[in-house]
Amino acid sequence: MIDRPRLLRSLLVVTPLLSFACTKAPTEAEVAAPEHGAEQAGEHGADGHHGHHAKGGHHEVNELGYRGHRFDDAQAWSERFDNPERDAWQKPAAVVEHLALRPDMRVADLGAGTGYFAVRFAAAVPEGAVLAVDIEPNLVEHMGARAEAEGLSNLRAVLGQPDGPGLGEAVDVMFMCDVFHHLADPEAYFRAAADELAPGGRVVIVDFRKDNPDDAPGPPAAMRMSVERITEVMAAAGYERVGDDPGLLPYQYVLSFARAGE
Numbered sequence: 001m002i003d004r005p006r007l008l009r010s011l012l013v014v015t016p017l018l019s020f021a022c023t024k025a026p027t028e029a030e031v032a033a034p035e036h037g038a039e040q041a042g043e044h045g046a047d048g049h050h051g052h053h054a055k056g057g058h059h060e061v062n063e064l065g066y067r068g069h070r071f072d073d074a075q076a077w078s079e080r081f082d083n084p085e086r087d088a089w090q091k092p093a094a095v096v097e098h099l100a101l102r103p104d105m106r107v108a109d110l111g112a113g114t115g116y117f118a119v120r121f122a123a124a125v126p127e128g129a130v131l132a133v134d135i136e137p138n139l140v141e142h143m144g145a146r147a148e149a150e151g152l153s154n155l156r157a158v159l160g161q162p163d164g165p166g167l168g169e170a171v172d173v174m175f176m177c178d179v180f181h182h183l184a185d186p187e188a189y190f191r192a193a194a195d196e197l198a199p200g201g202r203v204v205i206v207d208f209r210k211d212n213p214d215d216a217p218g219p220p221a222a223m224r225m226s227v228e229r230i231t232e233v234m235a236a237a238g239y240e241r242v243g244d245d246p247g248l249l250p251y252q253y254v255l256s257f258a259r260a261g262e
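According to UniProt numbering, the residues represented by the sequence shown are 1 to 262, in order.
Note that these hints are calculated values from the structure, not bench results.
By construction, the Cβ of each residue, glycine as well, lies at the ideal position given by its N, Cα and C atoms.
It cannot be assumed that every hint is accurate.
[Unchecked claim] For each label pair, taking beta carbons as the anchor points, the in silico distance ranges come out as:
1) A198 <-> D245: 19 to 27 Å
2) A149 <-> P92: 15 to 23 Å
3) R241 <-> A94: 17 to 25 Å
4) E169 <-> A236: 21 to 29 Å
5) P126 <-> E228: 33 to 41 Å
6) P103 <-> P199: 17 to 25 Å
7) A188 <-> L248: 22 to 30 Å
Turn these sequences into a full structure, and let the hints steer you where they fit.
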């Protein structure tokens, strides 16, 4: 049973490490921020992430963390986060290609929201597995039903934790879209994540650029984090940056990290 007060204190946003919503195709992180899924708590969820903030979305943060939207109607959020219009700027096919996933890889989508990226990962690793993680029960249930409906037997919806992935097993790739900036303590979160990253594994973070124009999809400028800041936080958590592709997406950076020394 989830301790709601503790959850809200631990997340920056009620989006579940998953997804939130702005008005242009929201990101999954909007609904999910770990609160990228409800680990991300709030308006986005990773869709828009993992559909996060569509233009016009907002964040209300106080000492208890983000007071976001409820996700009782997961289907309604899916219609928002999985809106085809989001594809124009989220470029999911390009992101999946960038990850260069092998068919047998195990991937964790942290803050998966309604499964915007998770279902695509599942198609890319037919002999592997995808753990679609979110801390919002209704979204986790929705993703489980979606996997069954779409015949994705290698996709498993997982109820995550606000202070770490809580996978219970090792994965080759951890992916987080539009959720990092919602984490109350990203350093602690990724320190915990290191124990569930297989040897040679990597963490891929997609989030909104600090210098985006005001009319771009995503969170308010005050919530966006620079590449330098995310790199600093990840270094403190025990990781080193091993790659990036600044030109892949119009509004987001794509950063890859590995445990330091590997």
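Just to be sure I understand the hint, the distance between the Cβ atoms of E169 and A236 should be within 21 to 29 Å; is that true here? 25 Å Cβ-Cβ, so the 21 to 29 Å window holds.
Honestly, do A188 and L248 meet the 22 to 30 Å range at C-beta? holds (28 Å)
May I ask you to test the hint 17 to 25 Å on the CB atoms belonging to P103 and P199? holds (19 Å)
Quick check: does the Cβ-Cβ distance between R241 and A94 fall within 17 to 25 Å? Given a distance of about 20 Å, which is inside 17 to 25 Å, the answer is holds.
Please test the hint of 33 to 41 Å on the beta carbon pair from P126 and E228. Holds, at about 38 Å.
Range hint 19 to 27 Å: satisfied by the CB atoms of A198 and D245? holds (23 Å)
Using the beta carbons of A149 and P92, state whether their distance is inside 15 to 23 Å or not. Taking Cβ atoms as reference, A149 and P92 lie about 19 Å apart, which means the hint holds.
The structure meets every hint from the earlier list without exception.
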